[in-house]
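K.L.:
Read top to bottom, the protein sequences are chains A and B.
If you're matching positions, the first sequence starts at 271 in the numbering used here and goes up one per residue.
If you're matching positions, the second sequence starts at 1426 in the numbering used here and goes up one per residue.
Calculated directly from the structure, the hints in this document are not laboratory data.
Be a bit skeptical, because a hint or two may be false.
With a Cα cut of at most 25 angstroms, we get these calculated SDA-like pairs of lysine to any residue [to be verified]:
{"id": "1", "chain 1": "A", "residue 1": "Lys-491", "chain 2": "B", "residue 2": "Lys-1472"}
{"id": "2", "chain 1": "A", "residue 1": "Lys-330", "chain 2": "B", "residue 2": "Gly-1437"}
{"id": "3", "chain 1": "B", "residue 1": "Lys-1466", "chain 2": "A", "residue 2": "Asp-487"}
{"id": "4", "chain 1": "B", "residue 1": "Lys-1440", "chain 2": "A", "residue 2": "Asp-281"}
{"id": "5", "chain 1": "B", "residue 1": "Lys-1472", "chain 2": "A", "residue 2": "Asp-294"}
{"id": "6", "chain 1": "A", "residue 1": "Lys-391", "chain 2": "B", "residue 2": "Lys-1466"}
{"id": "7", "chain 1": "A", "residue 1": "Lys-384", "chain 2": "B", "residue 2": "Val-1475"}
{"id": "8", "chain 1": "A", "residue 1": "Lys-345", "chain 2": "B", "residue 2": "Val-1475"}
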Amino acid sequence: MEQEFALEAEDLHLGYNDRIVLHDLNFSVKKGEIFGILGNSGCGKSTLLKHLIGIFPPLKGKISLLGEMLDLSDKSAYNRLMTRIGVTYQGGALFGSMTVAENVALPLELHTDKSPDEIAKIVSEKLALVDLADFGNFMPGELSGGMRKRAGLARAIALDPQLLFFDEPSAGLDPLAAAALDSLILSMRRQLGVTVVIVTHELDSIYAITDRVIIIDKAEKTIVAEGDPRKLRCESENLFVRNFLNRNGMKRSVEHYG
Amino acid sequence: MDEILPSSNWIGRIKKTAASATAPVIFIGAVAVALPQIIKKRTLRLKDLVYYLDLCGTKSLGVVLLISALMGMVLAIQGALQLKKVGTDIFIVDLVGFAVLKEFGPLMVAIIATGRAGSAFAAEIGTMKVNEEIFALKTLGISPESFLVVPKLISMLIAMPLLTVFADAAGILGGAAVGITYMDIPPGAYMERTFDVLDEMTFVLGVLKSSVFSILITLAGCYCGFKAAGDAQGVGRGATQAVVVSIFLVIVADAILTLLYSFAGY
């Protein structure tokens, strides 16, 4: 029977340095969904992402990706699983000593038996997909922030992953570049059929591309709402959720501080 | 809820202490596992190997030659002052030859490699950590140990013994310069005695020492990089720590190897 969920988190408690950052997290992401992880600054969104992709082990709870339990003690199983998953980072995290094309080619060289010609063809396709066809020979340091993010995306999709994680994809981008990246994520789902998990607090992106979101409240250290962001902004009973999704920071400040 | 924190009970605290105490061993184990795999699968990137060979070898050659020649001269001058008193000037050849081949050649190369390569390795890996490149490697299903440490280790294992050969030659020539000019030993006699008293084993054991030092410097440099805190100060501290730890390990290893060699009659 085909697995319905691309990601399942069960009773997750996360933290490090003797500090609990988030607790009692339970959520799942359906295959083909674009799923947002939202919350105020410093609430632990990126911490959650780093745990979901296995950078850090949870203090308690289980994570399942593409039907496989995330087990960090079995390195080879983890490495195999990660070839089916793509991750893009805030700053692109491109390897500075390699050209953009070499960055994109790296996972193909290390995880497939493809010939150099086949790899070069795939690299060209992926770079064209993120509109960087002419920048293959550039070093990461020669690219703008938005281009670095797109190059990181080309590397993340090099192995045609089934699940893609984005950490703050539109942070630091102008509105036009952010909108272009949103369109790219939507076309990525349309063309490749991938499931997408996005960590962000950019409301425009949230309403433009996500199907469902979870919202984390820094004060509660846990999920306070889950669902369609367009419905939550009007229907949520939680004041923080409504304020967050309606960008009511000023109103809340007035309510809180008079 | 705090009961799930590792520090909340004594078992958790013991586990945490044990984890930090065994971290260097686990790191060395990961490199030891990665080394044969990367050779077997032929996934070693030639470009990386060439880059690190250049960094650790070619770019260090000039300073190695200069410092080793000067060290040979200093040794010869200090030795000459003592040997002249008892009229055994010719033994300056033995003094310089053995000291350079067995100790100063490998040690000078190790110190220069620590300053050039060990600190560079720590800074490079530390900066990659700050830029989330180490996370990116992990989530690409690539072991950072195999991808980042193995090319450096192989390059150092090639470059340092070769540099030691050059250092040995420069040290002996530096000593010869003093012997010939300051002590009036004829050039032919100096070189003849050099080849008479120094055997292949003395040379090989010195080069072997250098291989051991290269492993220690690479592992210490890379480990300090991986353990560096994720900010600019952390990278600086990691690079400094790499130099201090490497020099300490090199001196300890030198003492142990010298003792072992002496037990074996060398």
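K.L.:
Which numbered hints turn out to be false for this structure?
P.N.:
1, 3, 5 and 8
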